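Residue numbers (the numbering used here), protein chains in the order written: chain A, 1 to 676; chain B, 677 to 776.
If you are wondering where the hints come from, they were derived from the structure by calculation, not from laboratory data. Don't take each hint at face value.
From the structure, some residues in chain A lie toward chain B, with a derived Cβ separation under 10 Å [unchecked claim]:
no., residue
1, Arg638
2, Val645
3, Arg646
4, Thr649
Quick list of the computed label-pair ranges, beta carbon to beta carbon [said to hold, decoys possible]:
no., chain 1, residue 1, chain 2, residue 2, range
5, B, Ala758, A, Val662, 37 to 45 Å
6, B, Arg702, A, Ile619, 51 to 59 Å
7, B, Arg702, A, Val618, 53 to 61 Å
8, A, Val662, B, Ile742, 27 to 35 Å
9, A, Ala625, B, Ile742, 49 to 57 Å
10, A, Gly655, B, Asp769, 15 to 23 Å
11, A, Gly655, B, Ser729, 26 to 34 Å
12, B, Leu753, A, Gly621, 52 to 60 Å
13, A, Ile619, B, Thr765, 51 to 59 Å
Note that the structure is a prediction, hence the values are computed from the model and not measured. Virtual Cβ for every residue (Gly too), placed ideally from N, Cα, C.
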Amino acid sequence: MIANEWVVWLILILPLAAFVLVGLIGRRLPEGGGHVVVGAMAGSFVLSLYVFVQVLLQGGLGGNFSQTVDGYIWLPSLAGNEIRISILIDNLSALMLVLVSFLCLLIFIYSLGYMHDEEGKPRYYAEVSLFATGMLGTVSADNFLQLLIFWEIMGLCSYLLIGFWYTKPEAAAAAKKAFLVTRVGDVLFLVGVLVIWNVFGTLSFEGIRTRMASLYPDPLTPQLLTLIPLLLFGGAVGKSAQFPLHAWLPDAMEGPTTVSALIHAATMVKAGVYITARTLPILALFPEALATIAVIGAITALMAATMALVVFDIKRVLAYSTISQLAYMFVSLGTLGLAPALFHLMDHAFFKALLFLGSGSVIHGTHTQDMRQMGGLKDKMPWTYRAMLAGSMSLAGIPGISGWWSKDEILTSAARYQPNMVMTGPLGYFSFSYTTLGWSVFALGLITAGLTAFYTFRMVYLTFYGKPRYDEELVHPHESPAPMVNVLKVLSAFALLSGAVTALGFMGAFDHMIVPDSLEHKVTEVPAASDIAAYIANPVLYASTLIALLGVYVAYFVYKLGRVDTERLLLPGAGNPVLRAIHYAFSHKWGMDWLFLKIAAAGDRGLGFFADFVDRRVIDGVTFAFGRGAFGGSDVLRRAADGVVRNYTAWIIGGIALLLIVGKFVLPSVSGGGLP
Amino acid sequence: MIPLEYELVLSALLFCIGLYGVLARRNGIIVLMSIEILLNASILNFVAFSSYSGNASGQVFALLGIAVAAAEAAVGLAVFLAIYQTHGTIELDKIRFLKW
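Bound-form chain B, shown alone:
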């Protein structure tokens, strides 16, 4: 049995990696991937607490979260595809038309 703390530390590491990716990288695809890592960090938390407390509902939420992550990835990729087609780039620093 892996102690709960190990799992939480792993989850926190994953979250920080994802956060760094979202904030620091310019490529839209990589940002999208980082968001997936963020999501997975939280899903790992669900699973960890579920096995720790012996309550299955946390795993149900984990499955739900995976499904949502998949849908989100699909929508995100479609958005970037559309942006690439209209603007010829997916560099986030160059996509600055959502402003005042």
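Same shape as in the complex, but just chain A:
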């Protein structure tokens, strides 16, 4: 049992209170209320840590801990399936709480320096605080409805923050895009939640699991139960920017860099991974759902990596790499590698926050996001350079650095995933063996690893090496202010070491911690680093390391040594037409944006025509018909009013006579009533 249960609530209430306070009177606070928000987040982090330590001490290490901190009944019900507002504290949510609050804290501190000169600081701080509340609430929710509420709070805040510079048309458009694209996923998610309610009659994770266990392997309808995971995964696809709903994330770079760091490292996109990890005990029963997740992950990983190869916006490189790395996590989840996925989530949170904040520092110094106007910043911004290098090594998977550990585990998990069953398509065609599935996604993941190393170091070389390409008269790059640099130093340490510490220090323990009892023998076994002999006997380790180093070397060859004239290669006529075609495909995002635009345009046009038809023909038609009917009817009826008094009298007498006849003779024979 957790001592001091109120502490758990305080984790959520602190940033929420900061949001209200700063939102109301932020203008009168120093630094636009930044200190309040940082203070609240620090409190939240300390309390999360307190809860996490308690969880670890009480069986979280090497086992499962789970406790529901009961709040109150929100929607009462006589049937005993009331919906509560309560917080679920188990290994997974405790870990996520610490991770989220720690990264939010660092990013908020960094914001004090980065956002110092901004106009709308109170608005910014209020919104990021609400954002953090949303993520903390999402990872600690005890049931789907509560989760959905916080999930949507995040959606709202992402809209507000991406459109922070709302006077910029691109920012406004990006905010709208982020909101609408994630909405597609959210609708699927909502439908999934409703189906769950219908099937299980409860929304709490615990309740679903117990009912699942009692129903399986005799579920109500297998199709329906396959549908649920897929609908939920649809929500995750939207939030985590996976194919085909990935288009919003690169555009989300229009917001302030700190917001990008917040969205990419700690919140929002990790919510999709979290919910998939949370529901994995259910998903694990359905190989079809898992296969979908793994395949979508593998496609997204490769696609996003190829797009990252060709962009010049430093933040967009990182955005595509986020999509790609999240896809790794989905590959891992889809091949039942729960612990590797969470391991990578943690590592990625550190190094991606570091990379974004580092790129923010670069942008702060050079006032541009275009890597073609950077170069040679190594000596001008030494600490930023070191931080970015640390983050890049981690992302690229240089041996020993944190990203290397978790990426290897994910690839191993994919290679070893052998559910050993065959799915038969309709009418017996298209049969498909799952044994090939693991290898296919492994192959795609391996290629992605090489591409990742290449584009990461392409970014490093373009930004920090070579001759300065900015206008040296106008731009004087300088190291960023102390709060920013200090945050970078802290994050660098984490980005370099978190992998090694987790893997070597307590890898077995981490596995046990993350994997719930119900999945104990289902998850794909990955050799633990503490078992050296098994670990170094794993061929995947060498394959992924070699391909990563190869990627780094190619980047070194092309961008540091300058042996390849990339611009000349792509010149029309002079260059290589095949390369140019590939470049064209990559830099136009595989035509996805174009396709979406076409679909959206066609859909919009169709909908427009339909709405126009309904408006003009149906709604207006009915209204006008009534009008014309009234006109025509009255035109006929007014003929009766001919001004002859005797005729009026005749009408009256005739009418009364008719009523009397009807009342006396017709009604009694019809209904038995009538006049006496």
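Assemble chain B onto chain A, guided by the hints.
Just chain B, lined up with the frame of chain A:
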């Protein structure tokens, strides 16, 4: 004691005479008089049923009806007087300005 049926038949005859007058005559004054006959037919009904059932309230309504008939006749005559002054006739067929 006159049987109730006789009184009702008389009342019905009066009503029909009045109805004929209202519908068929053109002179406004005569129509007004016919309306009086209609009213009196119904008042006769009140009185007949009152004496038949031994309940006095029917006679109270008869008195009330006579008073209303007098007031109605006064208003009607005043209306025709006004119409005669403005249009120079009280022929109902010629007074056709109350129309669409």
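Hints, verified against the model:
1. Residue-level restraint check for arginine 638 of chain A holds (minimum Cβ-Cβ distance to chain B is 4 Å; threshold 10 Å).
2. Of the supplied interface hints, the one on valine 645 of chain A holds, with its beta-carbon coming within about 5 Å of a beta-carbon of chain B, less than 10 Å.
3. Satisfaction of the interface hint for arginine 646 of chain A is found here, the shortest Cβ-Cβ separation to chain B being roughly 6 Å, below the 10 Å cut-off.
4. For threonine 649 of chain A, the suggested interface contact is upheld, since its CB lies about 6 Å from the closest CB of chain B, less than 10 Å.
5. For the hinted restraint 37 to 45 Å between alanine 758 of chain B and valine 662 of chain A, the CB-CB distance of approximately 39 Å keeps it satisfied.
6. Arginine 702 of chain B and isoleucine 619 of chain A have their C-beta atoms about 53 Å apart, which keeps the hinted 51 to 59 Å range intact.
7. Our hint of 53 to 61 Å for arginine 702 of chain B and valine 618 of chain A holds, since their Cβ atoms are close to 54 Å apart.
8. The supplied range of 27 to 35 Å is met by valine 662 of chain A and isoleucine 742 of chain B, whose beta-carbon atoms lie about 32 Å from each other.
9. A hinted range of 49 to 57 Å holds for the C-beta pair alanine 625 of chain A and isoleucine 742 of chain B, which are about 53 Å apart.
10. Hint check: glycine 655 of chain A to aspartate 769 of chain B, Cβ distance near 22 Å, so the stated range 15 to 23 Å holds.
11. Range check, glycine 655 of chain A to serine 729 of chain B: about 30 Å between beta-carbon atoms, so the 26 to 34 Å window is met.
12. At about 55 Å, the CB distance of leucine 753 of chain B to glycine 621 of chain A agrees with the hint of 52 to 60 Å.
13. As the Cβ distance of isoleucine 619 of chain A to threonine 765 of chain B is approximately 54 Å, the hint placing it in 51 to 59 Å holds.
Checked against the numbered hints above, the structure breaks none of them.
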